[in-house]
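A.B. asks: Letter by letter, the chains look like this.
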Amino acid sequence: MTKRYVLVHDENKCIGCQACNVACRSENNVPESVTRIQVRIEGPYGNFPHLHFKYNRVSCEQCENAPCVKVCPTGAAYVNDDGIVSINEKKCVGCLYCVAACPYKVRFINPETRVPDKCDFCKETRLARGEEPACVTVCPTQALVFGDANDMTSEVRKVLDTKNHYQQKVNLGTEPRVYRIPSRKGGIKA
Amino acid sequence: MNNIWGSMEQYDPVVWNWIIAVYLFMAGLSAGSMLVAIGLKWYKQSRGQPTEGLPVIKAAAVIGPVAICLGMALLVLDLTKPFEFYHILLNYNLTSVMAWGVIALLVYIPLVFVFAALVFEKQVLQYAPWLAGTLKVCRQVENSLNKLIFALGLGVGVYTGFLLSAMISYPILNTAVLPALFLASALSVGSAGNILVATLFFSKKESDCIEQVHRIEYPVAFNEALCLVLLFVGLNFSGPAAQAATAAITTGTWASVFWIGVVGLGLVVPVLASTIAPKAWRHTKGFLITVSCSTILGVLALRHFVVYAGQSYIS
Ligand code: SF4
Ligand code: SF4
Numbered sequence: 001m002t003k004r005y006v007l008v009h010d011e012n013k014c015i016g017c018q019a020c021n022v023a024c025r026s027e028n029n030v031p032e033s034v035t036r037i038q039v040r041i042e043g044p045y046g047n048f049p050h051l052h053f054k055y056n057r058v059s060c061e062q063c064e065n066a067p068c069v070k071v072c073p074t075g076a077a078y079v080n081d082d083g084i085v086s087i088n089e090k091k092c093v094g095c096l097y098c099v100a101a102c103p104y105k106v107r108f109i110n111p112e113t114r115v116p117d118k119c120d121f122c123k124e125t126r127l128a129r130g131e132e133p134a135c136v137t138v139c140p141t142q143a144l145v146f147g148d149a150n151d152m153t154s155e156v157r158k159v160l161d162t163k164n165h166y167q168q169k170v171n172l173g174t175e176p177r178v179y180r181i182p183s184r185k186g187g188i189k190a
Numbered sequence: 001m002n003n004i005w006g007s008m009e010q011y012d013p014v015v016w017n018w019i020i021a022v023y024l025f026m027a028g029l030s031a032g033s034m035l036v037a038i039g040l041k042w043y044k045q046s047r048g049q050p051t052e053g054l055p056v057i058k059a060a061a062v063i064g065p066v067a068i069c070l071g072m073a074l075l076v077l078d079l080t081k082p083f084e085f086y087h088i089l090l091n092y093n094l095t096s097v098m099a100w101g102v103i104a105l106l107v108y109i110p111l112v113f114v115f116a117a118l119v120f121e122k123q124v125l126q127y128a129p130w131l132a133g134t135l136k137v138c139r140q141v142e143n144s145l146n147k148l149i150f151a152l153g154l155g156v157g158v159y160t161g162f163l164l165s166a167m168i169s170y171p172i173l174n175t176a177v178l179p180a181l182f183l184a185s186a187l188s189v190g191s192a193g194n195i196l197v198a199t200l201f202f203s204k205k206e207s208d209c210i211e212q213v214h215r216i217e218y219p220v221a222f223n224e225a226l227c228l229v230l231l232f233v234g235l236n237f238s239g240p241a242a243q244a245a246t247a248a249i250t251t252g253t254w255a256s257v258f259w260i261g262v263v264g265l266g267l268v269v270p271v272l273a274s275t276i277a278p279k280a281w282r283h284t285k286g287f288l289i290t291v292s293c294s295t296i297l298g299v300l301a302l303r304h305f306v307v308y309a310g311q312s313y314i315s
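Residue numbers (the UniProt record's numbering), protein chains in the order written: chain L, 1 to 190; chain X, 1 to 315.
Just chain L, same shape as in the assembly:
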C-alpha cells in the first residue's frame, strides 16, 4: 500500500451547508432515498450566550482495520491497493453482515443494485482523473482537506502535523482515516 488517502474535516470552518452531501449525490448517482455523506448539525452546546453547534460529518471512515471487511464471508468487501475500502458487487450476496458490523453505520443497501454502498472518495471517477473527491472540491469554506498522508509534502500532512485533531470511536481499534479538527468552543453539559 503506497498511498494512504485521508480526509480532514475542520469543524470550525464547517457551516453545515450540505454542499458536500449534494455534490456527492450528483457525482455518484446516489438514489434519492439514501446518502453517502451527511453533515449532522448537533447541539446547541454550551450555555447562553455561548451557544454553538457541532458539525458532525457522517461518511465511511475508510478504516485501516475495517470491521466491515473482516466480517464479509465472501471477501466482497475488501481493501484496495490505495487503502480505500471497496465493494466487489459480483461477489456480494447481500447478507448485511458488513452493514451491521460497521461501527459508524455508514453502509447502506443501494436500492438499485441491492448491494451495500458507501463513500469511496470518488475513486473511480474523480480520483482516477487525478482530481479531489467531489465534496472536497465544492466545500465553500474549505473545511475539507484530502490527500495522501504518505506524501510528506501534502497538505493533509501539514494540517495533521500542525493542528489538534481527533478520530471517532478510536477505542474500537478501527483506525479511521477521517480526521476531525474539533471546534474551539467549549462548554459543559448543564
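Warning: the hint list may mix true and false statements.
[To be verified] Every beta carbon over 12 angstroms from chain L, so not counted as near; a handful from chain X, in silico:
#, residue
1, V114
2, L226
3, Q243
4, G264
5, L297
[What the hints assert, rightly or not] If you want a taste of the chain L side facing chain X, the calculated C-beta under 10 angstroms gives, among others:
#, residue
6, N21
7, A77
8, R129
By construction, these hints were calculated from the structure, which means they are not laboratory data. The C-beta atom is built at its ideal place from N, Cα and C for all residues, glycine as well.
Use these hints to put chain X with the ligands onto chain L, whose structure you have.
C.D. replies: Showing chain X with the ligands alone in chain L's frame:
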C-alpha cells in the same frame, strides 16, 4: 424527521431482523437436539443398554434435519440477492465467522440426513431400496459419524453466538459470553424439542427414557442463567456505552420480552415444573408438552431479545 441533511432511515442500527432471530433459533434447535440425542446414545451404550428405537433419538432424527433446512431457507430468502447466494459457497474469507459457519454447515447438514436415514433405516429402505448399499457403509462407520456430528453440532451452536459477537460496536453482542449462552440455550431447546416430538409421535409408554433427558435440564438452565447474569454484570463494568445498554432489561418492550419470555417461560417455568410439580403429573403427556413448549418459547424469545435489544444499543 425532515433534517436538512436528509433522511435518517438508512441509519437504523437494527440491521438484522426477526428472520435472523428465527434462523439462529432453528440452528440452535437442530444442533441442540443432535447433541442431546447422541449424548443419550453414548450414555446408554456405556451402561450396555439398547439404543435402538428410543423415542428421543427418533425425535432428534426428525428435528435435526428439518430445523436446519427451514433455518437455511429463511436465511437465503433474507439475502438482498437470494439468487446469487452460491457466491457464499465459492468464496471464503476466513476472518469472517459467517464463512466458518458455512463450512461447518456444509458438512453438518448432509451428516444429519445420514443420521436420520440410519435411525429410520427400515422406512427409508421401503421407499428407496437402492440406498441399501450406501446405508450399509454408513452403518459401519456410525460411531465415528456420531462423533463428527457431535463436534459439528457444538460448532454450529457456538458459531451462531460468535456470528453476533463479532459485531464490535454493539455492547450486548460483543462479548465472549454470547457463544456460551447460545450453546447452553441450544441444549435446552434441543432437549425440549426432543421431548415434545417424542411424546407427541414416538413414545408408547408415557415416560420412555425422557427421564435422562430431563436430568440435563437443570445444569443447562443453570448455565444459561449464569451466562445471562455474566452478560449484564459485565456490561455494567465496561464503560458508559455498555452500561447504558443494560437499559435493555429495565425499560421498553424488549425488557418485557426478557423477563416474561426469556426468564419466565424459558427458565422459571421449567425449573419450577420439575421441582414442585407433584410426582404423579410429571410423566403425563399434557405436562411434558406444556413444559417443553414453554422452554421452546423461552429460547425463541431469547434469540429475538438478543438480536433486537443487542442491535438497539450502539457504543
Ligand atoms: S467506516 Fe464502516 S464502512 Fe467504512 S471502512 Fe469503517 S467499517 Fe467499513
Ligand atoms: S452484504 Fe455483501 S459485502 Fe456485505 S458482508 Fe455480506 S457479502 Fe460481504
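A.B. asks: Each hint needs a verdict: does it hold in this structure or not?
C.D. replies: Verification of the supplied hints:
Non-interface call for X:V114 relative to chain L: holds, since the shortest CB-CB distance, roughly 26 angstroms, exceeds 12 angstroms. For X:L226, the shortest C-beta to C-beta distance to chain L comes to about 27 angstroms, beyond the 12 angstroms cut-off, and the non-interface label holds. Under the 12 angstroms C-beta cut-off, the non-interface status given to X:Q243 relative to chain L holds; the minimum distance is some 14 angstroms. The Cβ of X:G264 sits about 29 angstroms from the closest Cβ of chain L, beyond the 12 angstroms cut-off, so the non-interface label holds.
No beta-carbon of chain L is positioned within 12 angstroms of the beta-carbon of X:L297; the least distance is around 26 angstroms. At a threshold of 10 angstroms, the smallest CB-CB gap from L:N21 to chain X is about 6 angstroms, leaving the interface hint in force. Annotation: L:A77 was flagged as interfacial toward chain X, and the flag holds, the nearest CB pair being 8 angstroms apart, inside 10 angstroms. With 10 angstroms as the threshold, the beta carbon of L:R129 stays out of range of chain X, its nearest partner Cβ sitting at about 27 angstroms, so the hint is violated.
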